[in-house]
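*Asks:* So the chains spell out like this:
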Amino acid sequence: MIRLNDIEVRFGDFTALRDINIHVEEGQFYTFLGPSGCGKTTTLRTITGFIEPAKGTVIVKGKDITHVPVERRNIGMVFQNYALFPTMSVYENIAFGLRVKKVNKTDIDRRVKEMAQKVDLTEQQLMRKVAELSGGQQQRVAIARALVNNPEIICLDEPLSNLDAKLRVQLREELKEMQSRFGITTVYVTHDQEEALTLSDCIAVFNKGFIEQIGTPNEIYSQSKTEFVCNFIGDINRLKEDFIRQIAQKTGRGLDPAKATYVRLERIHVNDGARPNAASFEARVAGREYFGLYIKYQLEVGSQTLKCIVKNDGASYFQVNDKVTVAIDPDDLMVY
Amino acid sequence: MQAKLPLKVRLKRMTPRQMALFGVLACVFIWFIMACMVLPILNLLKTVFFEGGTLSLDSFQKLFKSPRAMKALTNSFILAPTLSITVGFVGISLVLITEYFDIKGSAILRLGYMTTLIYGGVTLVSGYKFIYSDNGVLTNLMSSVFPNMDKTWFTGYWAVLFVMTFSCTSNHMIFLRNAMRAVDFQTVEAARNMGASQWTILRRVVLPVLLPSLFAVTILTFITGLCAMSAPLLVGGKEFQTINPMIQQFAEMTTTSAKSLAATLSLILGLATMILLAILTAIERRGHYMSVSKVKTKIVKQKINNPVVNVLVHIYAWALFVIYVIPVVLIVLFSFSDSAHIQQRQLDFSTFSLRNYGELLSKTTAYRPFLVSIIYSALAAVIVGALVIVACRYIQKRRNSLSATALEYSLMIPWLLPSTMIALSLLLAFNQPRWYMFNKPLIATLQLLLIGYVIIKLPFTMRMTKAAFFSLDNALEDASKNLGASGLYTFRRVIFPVLLPTVMAIAALNFNGLLTDYDLSVFLHHPANPTLGVKIKSLTEEMGNSSDGVALTFVYAVLMMIISAIVLYLVYGRGGKDNIKE
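Top line first, the protein sequences correspond to chains A and B. Under our numbering, the first sequence is numbered contiguously, ending at residue 386. Under our numbering, the second sequence is numbered contiguously, ending at residue 584.
Just so you know, these hints were derived from the structure itself, not from any lab. C-beta atoms are modelled at their ideal positions from N, C-alpha and C, and glycine is treated no differently. Fair warning: there could be bad hints in the mix.
Stated by the list, open to error - A few chain A positions that, by computed beta-carbon distances, are all more than 12 Å from chain B:
(1) 69
(2) 99
(3) 102
(4) 117
(5) 130
(6) 142
(7) 281
(8) 323
(9) 363
(10) 372
(11) 382
Claimed, not checked - With a straight-line Cα cutoff of 30 Å, these simulated DSSO-like cross-link-like pairs (lysine-lysine) come out:
(12) 113(A) / 216(A)
(13) 105(A) / 163(A)
(14) 361(A) / 290(A)
(15) 399(B) / 151(A)
(16) 303(B) / 111(A)
(17) 67(B) / 152(A)
(18) 105(A) / 10(B)
(19) 105(A) / 399(B)
(20) 179(A) / 155(A)
(21) 153(B) / 179(A)
(22) 113(A) / 151(A)
(23) 361(A) / 226(A)
(24) 153(B) / 240(B)
(25) 113(A) / 14(B)
(26) 153(B) / 73(B)
(27) 399(B) / 258(A)
(28) 153(B) / 151(A)
(29) 105(A) / 14(B)
(30) 113(A) / 10(B)
(31) 361(A) / 373(A)
(32) 152(A) / 399(B)
(33) 399(B) / 106(B)
(34) 303(B) / 179(A)
(35) 151(A) / 10(B)
(36) 258(A) / 105(A)
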């Protein structure tokens, strides 16, 4: 559906993107993930046509659109702050693209109302000024405005970043549900790893203008290809050389202590019975944070501090200075 | 951030219609900037430095030899610094009284202090003259108490300083008051918590925050003092004339040498203004103190603890109020009075009628200047607004390009020059046919003043409109294009409607500012169509002789105040609060 081939984008002397190669399949929910300034929005704007790359091609459905102006691409976009036109009503906002295309009035009316219904906007809300709507409603207007033109692709640039935590989770679910209902190819930009993991079929992790890894959420999380990805996604423990040696000794596995070695929090098992392949250690509970659903402990094994989480199942709730047993399976280690 | 395409590529991608529009607009701007601003100013420089056809400094020598001109120069350079001090003192006290200290009746006081916003320039001076001049209301009152007093006391330097001190506090009431409102009250509470006295808090915590704004308004006051026109003209008398009235007198003479003297004086004024504005820009660059607080709290009015000081400050506050309000009240009241009572400066409510207003509406000579000013101001406001919108759109689209920078700086040229210099440059340039003005002399034409008005309003309009353009959310334009709209369609349907309230507000303020303009009109007005400012000035000069004229001045003043108040209400008042920020 979308192919970005060897894209390079420059702003004056600064190279913002280099060697970007991406293939988005039809109907896929594809996410660009990375910290701010990593190039994810620049890549999105290259697809929509706001930025013309210095090198490389943008292919949509086999057609080279690299130099096609924005207004002729028919790629829908939802902006970070929605960019709803403040002087127009909700109805006029949704109808804008159709008016530009000179669609006749009856069709505009029909299509706007149909679309409003699909995104759960009432007829009364259609007549309101956009400023009178809540954040969630504004997001629905922005989506409706993008979708009413029947684009083949919709691009969303951090559309949830301006909302409070609870609304963000709620709209995330709505967004996913809408995408699967419309079946539209979606390119989504976010810096929120949780959002990326829950929504996406495929994720590209960006760092400093490069792509570090492309894969499914599970691949990205469990088989992080680079140290950057494993650090950026989720919380993680970096193991000290001495501790790696001890694991190698206890399990007989050939681990190189000189290499950067990590283990995820949930892969550290606390008082969890015998694990034949794992290395076990006596640990002291040095601190804890209570999250309700789970408890995050800080454990000390000699000079190594380990963070781990334990499900709040009522069976085990450790106090500071309690002695516990931790087990780490060498298969769970991520080595770079 | 967006990668910009080079102009060549952009031109290539334009449709023939877009190309034609671009070409026409480029020609209009280049012609306007060159023919109406750059070439006339170069011509003025030529008048100064090439008086006899060769490069010489004769004009300066003549200037130094002319006692009148030198006296005017000295007077201006005495007035400007002293005015900065007096206006600074009064201005700061107005802000402290209305915004910082807990003074009884501060809402009413604020209204009184803000009268200069609706009533200024030549109208205000005429009001003061009516009260304080040799036959003035107050002078008559005082001479009945002190029969031996000199009834012509209100003339010369002190009179000019007095009038201007109370008429130039508008900037303080707008900018300094805003700065005071932005003070984080928690810093005051923190200082008090650490045991600081009221005086220490004011001196060490509050005033330092106001300092950058105070510097800026002081420099503006200094420039106002240098460029003083109506006050020295009307109350300066023979012994206290400043640069601007002198330029006007020299410009009215027919000899080349007088004209060159006028040009030289205006050049000196221009250079002084430029230096002062350079200082102002440096101050602005250093920036204002931003509050670092995340939870800023509003100032709570401070009650003055010392009872004696409290009483004295109250007396001072209300005395200022009386000075500000009396001219306005008397003008409004006397505008309903008949000629005889105006002549005797006596208020008799039984003689009140709308006769003066009726006369304004029925006599062509009376309403014509009013109409002329309204038409000129409206036309100029619309033209300057349209020019600047187009320019700002170009500057926004081609940000950082050479052509955009050149356009921006060119349109800001008038900011550096006093209006007298602009007027004189137009006058000297277009008193003969010029190829760049299609070989038509513009002297005594209706167009000349319009060009002048448009030019002097360019910088303010540019600064305000550009700020509005740059505060626009770029995503709006992106969204519109993403939905398939062309650049022109996007501008028409998305950008312009968002900017419209600001554009209207700026146009209203420009209209307001031009309505009673005197400084430019006196040079450029059409002889048969004097503007309101020119008319009021000539009527005020006749104050001693014709009371009909005075009555008419009052009617003009009242109508001006009403119009200005409406405009200010629409711009800054309810409903228009977000339109424009000072």
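*Asks:* Need the status of pair residue 153(B), residue 179(A): alpha-carbon distance at most 30 Å?
*Replies:* Distance of about 64 Å is beyond 30 Å: violated.
*Asks:* Per the stated criterion, does the least C-beta distance between residue 102(A) and chain B lie above 12 Å, as a non-interface residue requires?
*Replies:* violated, 6 Å
*Asks:* Regarding the pair residue 303(B) and residue 179(A), is the alpha-carbon distance no greater than 30 Å?
*Replies:* Status violated; Cα separation ~38 Å.
*Asks:* Taking only the CA atoms, is the gap from residue 399(B) to residue 258(A) under or equal to 30 Å?
*Replies:* holds, 28 Å
*Asks:* Checking one constraint from the list: CA of residue 105(A) to CA of residue 399(B), max 30 Å. Satisfied?
*Replies:* holds, 24 Å
*Asks:* Has the given pair, residue 399(B) with residue 106(B), been kept, meaning a C-alpha gap of at most 30 Å?
*Replies:* violated, 52 Å
*Asks:* For residue 67(B) and residue 152(A), compute the direct alpha-carbon distance and say whether it is at most 30 Å.
*Replies:* Roughly 74 Å between the alpha carbons, so the hint for residue 67(B) and residue 152(A) is violated.
*Asks:* Regarding the assertion that residue 363(A) does not contact chain B, is the least Cβ-Cβ distance greater than 12 Å?
*Replies:* Given that every Cβ of chain B is farther than 12 Å from that of residue 363(A), nearest at about 40 Å, it holds.
*Asks:* With 12 Å as the threshold, tell me whether residue 69(A) passes as away from chain B on beta-carbon distances.
*Replies:* Answer for residue 69(A): holds, closest chain B Cβ roughly 17 Å.
*Asks:* For the pair supplied as a hint, residue 151(A) and residue 10(B), is the alpha-carbon distance within the 30 Å limit?
*Replies:* This hinted pair holds, its Cα atoms lying about 28 Å apart.
*Asks:* With the threshold set at 30 Å, check whether the alpha-carbon distance from residue 303(B) to residue 111(A) stays at or below it.
*Replies:* The given pair, whose Cα atoms are some 67 Å apart, is violated under the 30 Å limit.
*Asks:* Is residue 113(A) within 30 Å of residue 14(B), Cα to Cα?
*Replies:* holds, 23 Å
Hint compliance for this structure: hints 2, 3, 4, 5, 6, 12, 13, 16, 17, 21, 28, 33, 34 are broken, all remaining hints hold.
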